[in-house]
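Engineer: Under my numbering, residues 1 to 204 are what the sequence shown spells out, in order.
Any given hint could be a false lead.
To be verified - Label pairs and their calculated CB-CB ranges: (1) S49 to G115: 22 to 30 Å; (2) A45 to T88: 29 to 37 Å; (3) T131 to T171: 31 to 39 Å; (4) T118 to G138: 37 to 45 Å.
Since the hints were made in silico from the structure, they are not lab data.
For clarity, every value in this text was computed on a predicted model and none was experimentally measured.
Beta carbons: idealized from backbone N, C-alpha and C, even for Gly.
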Amino acid sequence: MPRLVLPVPLFLASLLSLAGTAHASVYTTLEAADWGVSAASSGSATALSPAAAPSNSLTFTYTNNGGVGVSSVASNDSYTIETVAPTTGAVTLDWNSSGFYAYAGVTASLAAFSGSTTQTLYSYGPQSCCTTPSNGFGYSGAVTLDAIAGQMIGFTVAGANGDSNTLISGTLVVSQPAPIDEPHTGLLLAPALFGLALVRWRSA
């Protein structure tokens, strides 16, 4: 009985046609112009950079300095940065959060959100001199948000203290590498399929 044998060159071309890529994450712009800032404390100073340039890193700084001798920050000072998700899919972001919230009764937290879904990235305190987050802190990690096109995604950083020095000051850096291309599953089968085709070709 005649056998249908796929010539090796044609078979290799077919394998290459199976090669595809899958983006590991939806790419989200990290230009400050595309993000909004809100602060739940009057007298706070905030800044976002870079202002408007292609970037894979966004830096947010915040400061609320009531000064020594002023009553403590008894409730959370909170700051939110957010942007509109450009499309639906997973958004993976690296983050680095550091700050100084004085010494006594210090609490510090960071949360990420997508729409109404919130993930707590860290929440520590109250601590006093000088267990972290008292006397300064620094935390880092990564978060994946299930974004829906048109909904807000972002971060909320918060803190408080029971100190006579009401200083709440910190920096949040959010970064995202370019999408990573992943091999199509067809390529994972390529060695076995190639061997099978070669045997059939030689025995034809």
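Engineer: Against the earlier hints, flag every one the structure doesn't satisfy and list their numbers going up.
Structural biologist: Violated hints (numbers, rising): 3, 4; every other hint is consistent with the structure.
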